[in-house]
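Number of protein chains: 6
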Amino acid sequence: MARYGAQFGPDITFLGVPACDLDDTSTYDDADVVILGAPFDGGTSHRPGTRFGPQAIRMTDYLPHDGSRPSLALRTDGLRDLVVYDAGDVELPPGDIETTLGRLEAAVETVTRSGAIPVVLGGDHSIAYPDAKGVANVLGHGRVSMIHFDAHADTGDIEFGSLWGHGQPMRRLIESGALRGDRFLQVGLRGYWPGPETLDWMAAERMRSYEMTEIVHRGLQECLTEAFGIATDECEGVFLSVDIDVCDPGHAPGTGTPEPGGLSARELLDSVRRICLELPVVGVDVVEVSPPYDHADITAALANRVVLEALSAIARKRQDERDGTTWDPSRPLLDRG
Amino acid sequence: MARYGAQFGPDITFLGVPACDLDDTSTYDDADVVILGAPFDGGTSHRPGTRFGPQAIRMTDYLPHDGSRPSLALRTDGLRDLVVYDAGDVELPPGDIETTLGRLEAAVETVTRSGAIPVVLGGDHSIAYPDAKGVANVLGHGRVSMIHFDAHADTGDIEFGSLWGHGQPMRRLIESGALRGDRFLQVGLRGYWPGPETLDWMAAERMRSYEMTEIVHRGLQECLTEAFGIATDECEGVFLSVDIDVCDPGHAPGTGTPEPGGLSARELLDSVRRICLELPVVGVDVVEVSPPYDHADITAALANRVVLEALSAIARKRQDERDGTTWDPSRPLLDRG
Amino acid sequence: MARYGAQFGPDITFLGVPACDLDDTSTYDDADVVILGAPFDGGTSHRPGTRFGPQAIRMTDYLPHDGSRPSLALRTDGLRDLVVYDAGDVELPPGDIETTLGRLEAAVETVTRSGAIPVVLGGDHSIAYPDAKGVANVLGHGRVSMIHFDAHADTGDIEFGSLWGHGQPMRRLIESGALRGDRFLQVGLRGYWPGPETLDWMAAERMRSYEMTEIVHRGLQECLTEAFGIATDECEGVFLSVDIDVCDPGHAPGTGTPEPGGLSARELLDSVRRICLELPVVGVDVVEVSPPYDHADITAALANRVVLEALSAIARKRQDERDGTTWDPSRPLLDRG
Amino acid sequence: MARYGAQFGPDITFLGVPACDLDDTSTYDDADVVILGAPFDGGTSHRPGTRFGPQAIRMTDYLPHDGSRPSLALRTDGLRDLVVYDAGDVELPPGDIETTLGRLEAAVETVTRSGAIPVVLGGDHSIAYPDAKGVANVLGHGRVSMIHFDAHADTGDIEFGSLWGHGQPMRRLIESGALRGDRFLQVGLRGYWPGPETLDWMAAERMRSYEMTEIVHRGLQECLTEAFGIATDECEGVFLSVDIDVCDPGHAPGTGTPEPGGLSARELLDSVRRICLELPVVGVDVVEVSPPYDHADITAALANRVVLEALSAIARKRQDERDGTTWDPSRPLLDRG
Amino acid sequence: MARYGAQFGPDITFLGVPACDLDDTSTYDDADVVILGAPFDGGTSHRPGTRFGPQAIRMTDYLPHDGSRPSLALRTDGLRDLVVYDAGDVELPPGDIETTLGRLEAAVETVTRSGAIPVVLGGDHSIAYPDAKGVANVLGHGRVSMIHFDAHADTGDIEFGSLWGHGQPMRRLIESGALRGDRFLQVGLRGYWPGPETLDWMAAERMRSYEMTEIVHRGLQECLTEAFGIATDECEGVFLSVDIDVCDPGHAPGTGTPEPGGLSARELLDSVRRICLELPVVGVDVVEVSPPYDHADITAALANRVVLEALSAIARKRQDERDGTTWDPSRPLLDRG
Amino acid sequence: MARYGAQFGPDITFLGVPACDLDDTSTYDDADVVILGAPFDGGTSHRPGTRFGPQAIRMTDYLPHDGSRPSLALRTDGLRDLVVYDAGDVELPPGDIETTLGRLEAAVETVTRSGAIPVVLGGDHSIAYPDAKGVANVLGHGRVSMIHFDAHADTGDIEFGSLWGHGQPMRRLIESGALRGDRFLQVGLRGYWPGPETLDWMAAERMRSYEMTEIVHRGLQECLTEAFGIATDECEGVFLSVDIDVCDPGHAPGTGTPEPGGLSARELLDSVRRICLELPVVGVDVVEVSPPYDHADITAALANRVVLEALSAIARKRQDERDGTTWDPSRPLLDRG
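If you read the sequences in order, they're chains A, B, C, D, E and F. When the letters of the first sequence are read in order and numbered with the numbering used here, they come out as residues 1 to 337. When the letters of the second sequence are read in order and numbered with the numbering used here, they come out as residues 1001 to 1337. When the letters of the third sequence are read in order and numbered with the numbering used here, they come out as residues 2001 to 2337. When the letters of the fourth sequence are read in order and numbered with the numbering used here, they come out as residues 3001 to 3337. When the letters of the fifth sequence are read in order and numbered with the numbering used here, they come out as residues 4001 to 4337. When the letters of the sixth sequence are read in order and numbered with the numbering used here, they come out as residues 5001 to 5337.
In short, the hints are calculated from the structure, not lab data. All values derive from a computational prediction rather than experimental measurement. Hints may be right or wrong, so weigh each one.
Stated by the list, open to error - Distance windows between CB atoms, simulated:
hint, chain 1, residue 1, chain 2, residue 2, range
1, F, D5320, A, P332, 30 to 36 Å
2, C, Q2221, D, P3018, 53 to 59 Å
3, C, R2080, D, D3157, 40 to 46 Å
4, C, Q2221, E, P4196, 52 to 58 Å
5, C, D2233, B, R1206, 55 to 61 Å
6, C, Q2221, B, D1323, 31 to 37 Å
7, C, R2218, B, E1098, 47 to 53 Å
8, D, L3163, F, D5320, 36 to 42 Å
9, D, D3157, E, E4098, 57 to 63 Å
10, D, D3200, F, G5229, 37 to 43 Å
11, C, R2080, E, L4163, 25 to 31 Å
12, B, R1206, E, S4330, 18 to 24 Å
13, F, P5280, A, P332, 20 to 26 Å
Unchecked claim - Some chain B residues flagged as far from chain C (calculated, every beta-carbon gap over 10 Å):
hint, residue
14, D1011
15, E1098
16, H1141
17, R1206
18, D1270
19, R1318
For each residue, glycine too, the CB sits at the ideal point set by N, CA and C.
Assemble the whole structure, with the sequences as input and the hints as a guide.
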C-alpha cells in the first residue's frame, strides 16, 4: 500500500531522509527514529497556521536536502548515525479533532511498537495527547514521564465547549492515566493562563511547573537538573514535548499564542541537547510553528534545529554509551573529533 | 441572557452599528438586517485564517466607527436608512465542523424568522450551507435561488474523508433539497477544480456556472442579466454568497485558495450593487477573508465594502420602490441627491 | 546658503537630477521644473507614513539614478529634454500643520515665480492647499483650474477639531478664493465620504466630481474629455493633484485611506499622460504614498512613474508644439522615433 | 456627557475592563487605575505609527477579552484585584502638538485628582511631558521621581524648529519644575544621541542615566537597586515611563527609532515587576509602539504585558502590605498560591 | 546516473508530475513536455531572488500535488492528457553566468532533440538565450519565431561590463543568428528602458514591439492577431517567453524590475491560452518570479497558472486537431464537456 | 575621473560622511578610514539579497545623515574624531565572481596603501577573501590575523562546482598564504556545516574556532580574551570580519543562511567594541545583510551599529593612547565626559 505522503503541498521528507510507509513495516523495521507529520490546527484557540508546520519544519534549511547533518557541537550526524525515516503526514481532517487525535495516536503507537522513537512534527499542541499516549500505550501507562517546554500549562478543562484543543492535552493525558501528574515537568510557563482553579488541579496532581520567574531566579540549569531527577524516578522513558512558544516571541514569532518573556533560542537548544544526552528519550514532538505568522522563516528554522539537536544528542548518547566517551563542551571544537 | 460577543478579540460591531442579542428578540425585532460573525476556518482545505475574518471585516475602515456610511454612489446610508444590528459571533468550536454548522444554521434561521435579512461574515465557505439553508428553512426549501461569486464551484463530494468543508457546501445544499440546482448561478469560476465527475454532477443538477472565459467573451453585464432571469424564475428570494477569491489575487491576496485571473474589485462591487438593486435579496454571506495572508488590509477592506455595497443597494432599492425613483449612474454625483 | 536637503534619510534627488537650492535663484533660474519634497503626514486622519513618501518616490526605480529617463511610449526624456532640478525637502515640523502649510506655500510660490513648474512629492493630501495656492498666488487667484485624482473629495470642513488636514484642502482652496469651485474637476471619487452636507456645499460651489459609477458607465476617456473642456474655460493653467489612492488598493496598497474599487495603474498613467499632453499644466503634486504600508515598493514605483509620465508628456507637448508634430499611440513603438 | 471612545477604529477597552467617562466622575470614583489612550504620533522624529499604539496595546492578546488576567507568577489578577477602568482615547489632533499635550495633561491630572493611578497608552514619547506633569500637578512639583526605560535620553532642546517632540519631553519636564533632574533615573540608554552639549545639560541637572555598557558591566539588578534608592529619596511617588525601544529591536521591532543592543523582553518585564512591587508607583506610561512596523504583533504583545506586569505587581504590593506576605520567586509556581 | 534534483530545497516536481533524469533518455522518451528548473539570478540587474522561482512555481498551488490538473475552461488535463516529466533543476553556479548559460542551453537542446517541448522555469530572463537557442539548435536557426511577453525589450548590449544578463538575451539571440529579428514579437513593453540607440538597433533588426499605449489604443486581441501572422510566416515553431513583469506590479509584485501599468493576470492567461491554442509552440519559459518580493504567493501562483494554461491549451490543440473540434468560450462551462 | 557611486539606487555615503574617489588619491589622502561598498550576492549559496546590503547599511538610521555620531558609551564621535570617507561601491558584475573578487581586492589594497583602514560593506561573505587579502598584500602575507564572527566556518572547498563563494573565503585566504591558519580566530560557529573532512583540514591548519557550546560553557569574555592573545602573537594587525549571521536570527533575520542559537545583538556590539579598543585593527568588513529578508530594518540597523561601534572604539583607542586615558564602563554615563 502506498505511503500517504503530504497533506499539504509536495510529498517531501525531513531534510531528505528516506521515506517509509507506516502500513508497511518492512520499510522501517530497522529504524531508530520515525518522523511523522501532524498538519493539524483545528485545536488552536487563537492564530491558526500550524497545519503548515510539518512542511515548514521539514524543508526550512539552507543546506542541501541530502539526509545528512553532521553536528558541529556534538560531532555526530543525527540523520546518518541513527537510522531515520519520514513516514509523511498522518491524514487529519481539519474540522474533526476527535478523528484526528485517534488517527495520530494509532500512528504513534505503531512507530513505538516497532522499536523506533517517534518524532512528531506539529501541528498545534492538541497533538501532545495522542503523541505521548501512543508511546505510553506501548511502554506502559504511568511508565513514561513528560518534559514539557511551553509558555502555557495546557491543562485547561473545557474550551469553546470542547474537551479537546491545544490548551488541554496535558490534563487529558493525566486524566487518562497514560502519564502520571507527578512525573510531569513543565519548563517556561509564564503569563496569565490558566487561572487559580486549574492551578489547584495541577497542584493536586503534583505536577512540577517551572515558571519563568523561578527559572530566572534559580537559573535554568539548576531547574533542569532538579527536573531530571524527578523525570527518571520510577519511569522507563521520557517524552519531550517542545512548544515553540516557550521561546520569546522575538525568537519565535511564528506561533499562535505568543507570550513575551520566554527563553532564547540558544537556551532552548542547549536544554534540548542536555535532555537528549542525559535522559532516556522515547518520543518527541515539536509543535505550534505557524508559518503564516513567521518572518524570514526564523521560527521554522528554530524548530528544524530543535529536531536536529534532539537527534544529534540521541546519537551522541548512544555513541558515548557504546564507546565509553563523554561529550565535553569546554573542549575546542577542532579538538572534539 | 447576555450576547455572546466576539469569539476572538474585543466585542465590537460592524462599523459601530448597535449590538443585539440573538437570544433576546426584543433587541432586534425592528431589524431590517442582522449581522452575524462566523469565525470558523475548520473547513478550509488549504491556508487557514478566516476565523479572523469577522473581526477584520467589522473593523477595517479608515472612517469613524459611528454606525453610519452614506454611499457616494447611491446617496443612501445603508447603516442608517436600514435598521441594522450586529449580533456578534456565533460561538463555533474550531475542531468540530458538524457542531459548528448546526449552531450557525440555527442562528441564521432565527434571524430570518424575525423578518430581518441575515448578513453573515465568514469564516470559510463551508458556512454557506447553514447560511442558505437557515434562510430556506423559513422561506421554503426550493424557494430561494443562489447567486454565488467564487473562483470555485464548491460542489465537491468528500474531502479529507469528510462530507463537510469549504469545497462542498453547494453540493450539500442541493442534495438537502434546501436549494434547487437549476436556480444556482455561479459567477467567476476558473482554474483546475473540480474534475469531470463533479462537473457532470453539476450539469445533471442543471446548475448555471459562468466560467471566466465565458465572462470575458460575453461580457460580465450580459452574463449577469441572463443569470438574473434564472434567479427570479419561480423563486421568492435570492441568497448572495460572495467568496472573496472570486477577485483576482492582486485585489484579494488575503484568502485561502487564491486563483489567478479573477474579477477586479471594481467588477465585484458593481455586480453586488446591481444584484441588490435589482433582485429580492434575502440573505448574504461574505467569506474566505484570511487576514494572516492579507497585506495592508486590502482584502478585508474589500470585504467590508462588499457588505456596505449590498446594504446601500438594498436601502436604495427600498427607497426607489417607495419613492418611485430610479438610480442612474450616468448622472453626475453632485446631481444625484 | 546651503540647500536644506532631506528631512529623513540621505540627501538625494529624484532619480539623480541635479540639486538646486531654493534660497539661491541662480541654481534653478533656467529650470522648466523644480521638484520639492513635502515629507509631512501630520494631516492624515488614519494610517500615517507619507512623511517617507518623498524619499520613496525619489528612489524607487530599478534603473540607474542618472538623471535620464527616455520614455518608450512618448520618445522623449522628461528629465533631459526638460531642465529639471530637485530642491530637496521643505523642512516641515510633524506636529505643527499650520507652520508646515505656510512654509510649503512659500516654497511653491518661489518656484512658480521663477517660471518653473513645481512638482511636489507628498506627504499627505493636506499639502494640496499650499501647492495649488502657491501657484495661484503667482498666476492669479481664480485663474488656475484643478484636476484632482482621488477616491475622496477632500472637501471636509472640520476634522479632529481642526480646519487643516488631508480631508479638507480642496474646501480651503475654494474658500480662500485661490481656486474656483466651478473649475474643480475630481476624478475617481467613491466610497462613503463625505456625507450629504458636504456634498451640498460642493454642489453649491459647482464642483464637477466624477464618481466611479459614472466613470464606469460613461467611460473614463469621455469623462476626461468633458473635464478638459471645463478645466480650460477661462483658466490660464491647470494644477494636477494625484492622490495615489485614486487607484485600487490592489495597485496602490501603500496609502493611508485605501478605498476599494478604484482605477488601475494603467488607467492612471494613461490619464496623467493625456492631461499633460493636452492641457497647460502649471503645477503637479503626487501625494498619499505611505511606504510602511507598501509591499515590494509597488505603490512608490507607481508614484515615481506618475511623475515621470507627467514630465515626459510635458516635454512631448513642448516638442510637438515646437515641431508641429503629434503623438500617435496607434503607431508601432519602433516607428515612433 | 458621552465618553469620547476611540480616535481610530472601534471603541474598545483594555482587554475588556469596564469603560468609564472622564467627564463623569461617578463612572470611576472607585478606581484604583484609569487607563487612557494617547493615539498621537505627531511628535515623532522618524517612523510614525504610534497613533495606533493604544488600539494595539488594548487588543493584542490571545486570551478572551474578559477583563481578567490572573498572573501566573504573582498569583494576583491585576484587572480584578484592582478596580481598573478604561477612559478611552483622549482626542488629539495629529498636526497640533501643543493642543495635544494640553488636552492630555488635563486628562491625566483629572485621573490623578480622583485618586486613581493613570496608565497612559502611547503614542509617541512626547506624551511623557503631560503624563508626568499631570501627575505632579496633583502630588506636587518636585515630589514625583521618574524611572524612565528608554534607548534615548529624550532630553533634546529643539528639533525641527520645535520645543515639543518625542526627543524632548524629559528636558521640558525638568525645565518646567514639575520633576527634579536629580530624581530622574534613566535605564537602557545607548547609541549615538544626544551629543555632548545635551549630556552636559543632563549632568548639570544631576540626572542619573544608566547606559547599556554600565548595565552590562555592573548587572541590571545592581543598577536598579541603586536607582530605587535615589527614586525614593524625598519623593512621594514614582512615575514609570516605558519606551518600548528600551528593548532590543529583535524583541520590539515595531517602534519608531529602534536602537540595537537593548534589553530583552524578559529583562524589561522583570524590571517593571520589581519597580511596581518595591516602589510607590503613581503613574505609568507605555509608549512608542508602532504597529505598522511590528511583526506578528510581538511588540504590541510585549507592551500589553508591560501594562499587565505593572498592574499585577501593584495589586500584589497592596495585597502583601495588607496581608503581611512577601512574594518569593524561588518558590515553585504551584506552591505560591 | 542519478537525476540532479533541486538546487535549493527539497527535490520536488511540478505539482507532482513524474520525475525524469535528463541523462537517461529512457526516462522521458515518450514525453510531450519536459520541465526544467533554472534557479539562477546571477543575471539580474536589480532585485534578486529568482533562484527560488523554480521551487515556487512548482509548489504554489492549493490543490493536491497529484500530477493532474483538469482545466475548467478547456476541459483537458494538461498534466495527464500530455505526457509531462520534470527533469529537476539544471545545476547553475550563481556567480558564473557563462557556465550557467552553457549548461542550460545543452539541457534544453537535449529535451528538444528528444521530441518533447521544453518548459523552463526561471530564474531571471538571461536564461531566454539558452532556452530559445537550445530549441533553435535543433529546429534550425532562423526557423523559430519568438513571442515575448515583457515590460522590457531585453535587447541591451552591455550591462555592468558584461554581454550577459537579464536585460540582453534577446539581442544575443538575434546576433547569434538563432532567431530572426523580424520574427520577434514583443508584447507589453513600457516604461523608460532601453534608450534611443537600442531602439534604433531593434528597428534595424525589424523587431515588432507592442508597447502598452499601442495595446491600449488598438486592443490586445487585435495586436495579438497581427503578431500571430508575423510569427507563423516562414517559421516552423514559436517559442513563448513569459516574463512575469509583463503584468502590472499589483498582479505580480514578486519580481525584480517591476514596471507599473502592465497587463492584468487575466489578460496574460487569456493571451497564453490563445497562443498555445492557435500557434505551433515548441518551447516555453516563465521567468522573473522572485519569491522574496512576493506577497501571499500571488506571483508564484500566477506563474504556476501560466504554465498550466500553456499545457492545457497545447493539450486542447492536439485534441481538437485529432477530433476536429473547436474550443468555444461562448459555450456555458457545463456544456463544454 | 568621476567616482563610480552606487551600483544600486542613489549615490549616498555612510550616514553622510564625505565622499571620495578611489581613483583620485587627493580626495582621501588624509583618511583614517575609507568605506567601500561591495554590493555582490553572486557568491551566496542560498537566499540572495546582500547586493542591497551596502545601501541598507549606509542609510538605516533614524538620526540626521550629517556625518556625525557621538557615541554615548565611548564619548567619541567615530565619524568626526576620525577622518572618514566613503568611496562608494566598487562596480561588481553579479554573474562574474572572479572579476568581482579581483576588482574588490584591488580597491581594498588601494585604500590600505593610502594608510587608511578599509571598512567594507557587503555583500555576501565571498568578499572576505579580497577584503583581507587586499590588506595583507600591503601589510605582508602572514602578518595579519583574522577575528571572524560567524555561524559558519566558511572554509568549504568546492561548492556548486566553484572554488569561489560565500562558504569558502577563509580556506582560500589560508591557501593563498595571505593569512595564517593559526592566526584565524572564529567566534560563534554552530549548526551542521561543515562536515568532518573540512573540520580536519581546519584542525590541520591550526585554526581556533569557538563554537557556541564552548562560548556558553566558558563565557564569551573568557573566549575573547584567549583569542586576543593568539591574534596578536607575531601579527601586525587584525582584520575583523563580521558576518551578521553570527547573531541569532531573532536579532538578525535579514540574512541568507540564518542559523538559530547565536549571539544577541548586545553581545556582538560589546565584542566589536572590545576588539577595536584592545587590538590593532587594520581592516573591517560587515557582511551578509540581506534586506529582502529583513523586517523593520532591524538587521540593517544592527550592521550600521556594528560599523559605528568599530569606528567609535578605534577613535577612542587613539584618543586613549594620545591622552593616556582608559575607558571605564563602570562609570556613570554622565561622568564619562
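Verification of the supplied hints:
no.: 1; hint: F:D5320 with A:P332: 30 to 36 Å; in the structure: holds (32 Å)
no.: 2; hint: C:Q2221 with D:P3018: 53 to 59 Å; in the structure: holds (57 Å)
no.: 3; hint: C:R2080 with D:D3157: 40 to 46 Å; in the structure: holds (45 Å)
no.: 4; hint: C:Q2221 with E:P4196: 52 to 58 Å; in the structure: violated (30 Å)
no.: 5; hint: C:D2233 with B:R1206: 55 to 61 Å; in the structure: holds (58 Å)
no.: 6; hint: C:Q2221 with B:D1323: 31 to 37 Å; in the structure: holds (34 Å)
no.: 7; hint: C:R2218 with B:E1098: 47 to 53 Å; in the structure: holds (51 Å)
no.: 8; hint: D:L3163 with F:D5320: 36 to 42 Å; in the structure: holds (38 Å)
no.: 9; hint: D:D3157 with E:E4098: 57 to 63 Å; in the structure: holds (60 Å)
no.: 10; hint: D:D3200 with F:G5229: 37 to 43 Å; in the structure: holds (39 Å)
no.: 11; hint: C:R2080 with E:L4163: 25 to 31 Å; in the structure: holds (27 Å)
no.: 12; hint: B:R1206 with E:S4330: 18 to 24 Å; in the structure: holds (19 Å)
no.: 13; hint: F:P5280 with A:P332: 20 to 26 Å; in the structure: holds (25 Å)
no.: 14; hint: D1011; in the structure: holds (23 Å)
no.: 15; hint: E1098; in the structure: holds (35 Å)
no.: 16; hint: H1141; in the structure: holds (35 Å)
no.: 17; hint: R1206; in the structure: holds (32 Å)
no.: 18; hint: D1270; in the structure: violated (6 Å)
no.: 19; hint: R1318; in the structure: holds (18 Å)
Violated hints for the displayed structure, listed by number in ascending order: 4 and 18.
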